[in-house]
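Novice: Each chain, written out:
There are 2 protein chains.
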Amino acid sequence: MARQPALDEFGLIAKYFAPLARGEAGAFGLLDDAAALWVEPGQSLVVTSDAMVAGVHFLPDDPPETIGAKLLRVNLSDLAAMGAEPRSYTLATILPDWVDGDWLAGFAAGLAADQAEFGITLVGGDSVKTPGPLTLSLTAMGVVPAGEALRRSGARAGDNIYVSGAIGGAAVGLAALKGDPPQLPAAALEAAISRYRMPVPRLALGRALRGLATAAMDISDGLLGDLAKLAKASRVGAELGLGEVPVAQGVVTEGQPMDASLLDRGDDYELLFTIPAEAGIGDLEQRLDLALTKVGRITAAEGLRVLDEKGHFVDVPTGGYRHF
Amino acid sequence: MARQPALDEFGLIAKYFAPLARGEAGAFGLLDDAAALWVEPGQSLVVTSDAMVAGVHFLPDDPPETIGAKLLRVNLSDLAAMGAEPRSYTLATILPDWVDGDWLAGFAAGLAADQAEFGITLVGGDSVKTPGPLTLSLTAMGVVPAGEALRRSGARAGDNIYVSGAIGGAAVGLAALKGDPPQLPAAALEAAISRYRMPVPRLALGRALRGLATAAMDISDGLLGDLAKLAKASRVGAELGLGEVPVAQGVVTEGQPMDASLLDRGDDYELLFTIPAEAGIGDLEQRLDLALTKVGRITAAEGLRVLDEKGHFVDVPTGGYRHF
Numbered sequence: 001m002a003r004q005p006a007l008d009e010f011g012l013i014a015k016y017f018a019p020l021a022r023g024e025a026g027a028f029g030l031l032d033d034a035a036a037l038w039v040e041p042g043q044s045l046v047v048t049s050d051a052m053v054a055g056v057h058f059l060p061d062d063p064p065e066t067i068g069a070k071l072l073r074v075n076l077s078d079l080a081a082m083g084a085e086p087r088s089y090t091l092a093t094i095l096p097d098w099v100d101g102d103w104l105a106g107f108a109a110g111l112a113a114d115q116a117e118f119g120i121t122l123v124g125g126d127s128v129k130t131p132g133p134l135t136l137s138l139t140a141m142g143v144v145p146a147g148e149a150l151r152r153s154g155a156r157a158g159d160n161i162y163v164s165g166a167i168g169g170a171a172v173g174l175a176a177l178k179g180d181p182p183q184l185p186a187a188a189l190e191a192a193i194s195r196y197r198m199p200v201p202r203l204a205l206g207r208a209l210r211g212l213a214t215a216a217m218d219i220s221d222g223l224l225g226d227l228a229k230l231a232k233a234s235r236v237g238a239e240l241g242l243g244e245v246p247v248a249q250g251v252v253t254e255g256q257p258m259d260a261s262l263l264d265r266g267d268d269y270e271l272l273f274t275i276p277a278e279a280g281i282g283d284l285e286q287r288l289d290l291a292l293t294k295v296g297r298i299t300a301a302e303g304l305r306v307l308d309e310k311g312h313f314v315d316v317p318t319g320g321y322r323h324f
Numbered sequence: 001m002a003r004q005p006a007l008d009e010f011g012l013i014a015k016y017f018a019p020l021a022r023g024e025a026g027a028f029g030l031l032d033d034a035a036a037l038w039v040e041p042g043q044s045l046v047v048t049s050d051a052m053v054a055g056v057h058f059l060p061d062d063p064p065e066t067i068g069a070k071l072l073r074v075n076l077s078d079l080a081a082m083g084a085e086p087r088s089y090t091l092a093t094i095l096p097d098w099v100d101g102d103w104l105a106g107f108a109a110g111l112a113a114d115q116a117e118f119g120i121t122l123v124g125g126d127s128v129k130t131p132g133p134l135t136l137s138l139t140a141m142g143v144v145p146a147g148e149a150l151r152r153s154g155a156r157a158g159d160n161i162y163v164s165g166a167i168g169g170a171a172v173g174l175a176a177l178k179g180d181p182p183q184l185p186a187a188a189l190e191a192a193i194s195r196y197r198m199p200v201p202r203l204a205l206g207r208a209l210r211g212l213a214t215a216a217m218d219i220s221d222g223l224l225g226d227l228a229k230l231a232k233a234s235r236v237g238a239e240l241g242l243g244e245v246p247v248a249q250g251v252v253t254e255g256q257p258m259d260a261s262l263l264d265r266g267d268d269y270e271l272l273f274t275i276p277a278e279a280g281i282g283d284l285e286q287r288l289d290l291a292l293t294k295v296g297r298i299t300a301a302e303g304l305r306v307l308d309e310k311g312h313f314v315d316v317p318t319g320g321y322r323h324f
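Protein chains in written order, with the numbering used here: chain A, 1 to 324; chain B, 1 to 324.
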């Protein structure tokens, strides 16, 4: 897996990353040219990749424990959106000179904790130097029974639209980290920052939605834009009730009206999904101990419409009514 | 797969990368959260990742057609070293502002040509902006019959050591590109530059070595260092005959003696493998139309020894005799 002659690359991999590969015999201790993994018959392999750059996707002074974990969770959120079970990942660490052993130890500790929590194991990767900012690229692999992967493209007119958890918390946390803290109790502020740094992949929900949801995706770029993508992939339209969206604490300032643009900020990593009206979600909220809120419905007419509590169309920065 | 709200990310993926995913239905046109792939029963999934940074692993003014192709080939070389058949890859493009449509079109054209040549298809990835140098990260997936993956760790005392092709050509090409061209005929110079920019993954050789080679790896960091790694992984030693190593044109200047350090430069991507002395390689060279040269033998005593043509130990910069 290595290509550069720098001996410290191999030392670094052996010290910080090889321990993360102990759970998978086919990772060969990160010492061979590649990993050899087993996929059970009847399972599809689900694969997703994301990259992050310091100063663009995370703050360079975020704790190292959260930086690798955030990238892992962002990828796990994609696996959740497909209804997949996490298995393995590869990681490229592209490191500037300031990265030292302490930083790497924290980075690896964050990954180790998340591996244990989410049942996924490092199986390969690369570690190279850069004169630029710290950059990370991760490819996550999971499995789903063949033919049961959730897709964005199956929503049908009349389906109800749901979101998990609450929307907008990550943006509140980012604002706070950038020196613009909203007026919030300390615990709520900490929760918002944690949401930005350590999103929670909705893996149990994704599994539960197999065979139930007609379409699903994770909300990474903002609810409005992502709902528009889901509707476009399904060749349908969507109506979203502005007052129905569950928002995180701090998103709406007390006494201020709700503004649709507050729903179109990224990094939430909740699931957005559609359920046939006649099916419903039964006791899924209770079983998962996770809020699942109906926020609108799929329409035959294409485009995204946002409605206020009186049923009037709302103009939103992303287009509100979006032509495809 | 996307996370940033920049609309041009999606436009860029749709224009330049989605056409590369047409060969795999489970890539969903790069429009879903992840790909869902099929692995045949009885096959292991072989996975490898490498990253490259402009100015470190390639020259920023290398033609865009060769930059993505080089990264793909470096990963294919790892698949070859495991005896695997290429199937799919994900690609993270981490792009500075100077990257424009022309550059991306050339980059994608280079990948398209290699996809056709090597039978591999893009199935996912990410495209993000960086204030730093152009950076690329690729994860390649292939398949091999379960239990037949070639490993570095199976070499036994008495096995013969072989290399494919010729050694050192990439370093000659790099020197030429850096303005230090060796005295070579134009065609040989071009071949050396091509070797640096577009290494040739030895996929057919890897497949043919299944069940035949006791150990294999690709030569990415230099023959001596990589042979030391293979011997260490196999818990054996190795003796290499300096005069037996097939070197590319331009590696040795006419009239100058052979110097072992010339064999320890990277980027060759030939295969290094061991074969039981009683087995031999039969007519493999003829069948593959590829030079396969016996360069030494595996010893029970650990460490790497390099011998000159008179059988004397040679002192080499990497240690010559390397204690593990």
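Everything labelled a hint here was simulated from the structure, so no lab data went into it.
In this text the structure is predicted, and so the values were computed from the model without any measurement.
Backbone N, C-alpha and C fix where the C-beta goes; we use that ideal spot for every residue, glycine too.
Misleading hints may appear alongside valid ones.
Calculated pairs, DSS-like style, for lysine-lysine (alpha carbon to alpha carbon, straight line, at most 27 Å) [to be verified]: (1) B:K294 / B:K310; (2) A:K129 / B:K129; (3) B:K15 / B:K178; (4) A:K232 / A:K178; (5) B:K178 / B:K232; (6) A:K232 / B:K310; (7) B:K232 / A:K15; (8) B:K15 / A:K232; (9) A:K310 / A:K294; (10) B:K232 / A:K178; (11) A:K15 / A:K178; (12) A:K129 / B:K178; (13) B:K232 / A:K129.
Now the in silico label distances, taken between C-beta atoms and shown as ranges [unchecked claim]: (14) B:P19 / A:P131: 53 to 59 Å; (15) B:G101 / A:A277: 27 to 33 Å; (16) B:A14 / A:M258: 41 to 47 Å; (17) A:A14 / B:A301: 36 to 42 Å; (18) B:A14 / A:D62: 27 to 33 Å; (19) A:P145 / B:G29: 37 to 43 Å.
Novice: Hint by hint, note whether the structure agrees.
Specialist: The hints, checked one at a time:
1. B:K294 / B:K310: Answer holds: B:K294 to B:K310 is near 17 Å, not above 27 Å.
2. A:K129 / B:K129: holds (18 Å)
3. B:K15 / B:K178: violated (34 Å)
4. A:K232 / A:K178: violated (34 Å)
5. B:K178 / B:K232: violated (34 Å)
6. A:K232 / B:K310: Answer violated: A:K232 to B:K310 is near 73 Å, above 27 Å.
7. B:K232 / A:K15: holds (17 Å)
8. B:K15 / A:K232: holds (17 Å)
9. A:K310 / A:K294: holds (17 Å)
10. B:K232 / A:K178: Violated - the C-alpha atoms of A:K178 and B:K232 are around 49 Å apart, more than 27 Å.
11. A:K15 / A:K178: violated (34 Å)
12. A:K129 / B:K178: holds (20 Å)
13. B:K232 / A:K129: holds (25 Å)
14. B:P19 / A:P131: 53 to 59 Å: At roughly 32 Å between Cβ atoms, A:P131 and B:P19 fall outside 53 to 59 Å, so the hint is violated.
15. B:G101 / A:A277: 27 to 33 Å: violated (44 Å)
16. B:A14 / A:M258: 41 to 47 Å: Violated, at about 33 Å.
17. A:A14 / B:A301: 36 to 42 Å: At 24 Å between Cβs, range violated.
18. B:A14 / A:D62: 27 to 33 Å: holds (31 Å)
19. A:P145 / B:G29: 37 to 43 Å: Once the Cβ atoms are compared, 22 Å apart, the range 37 to 43 Å for B:G29 and A:P145 is violated.
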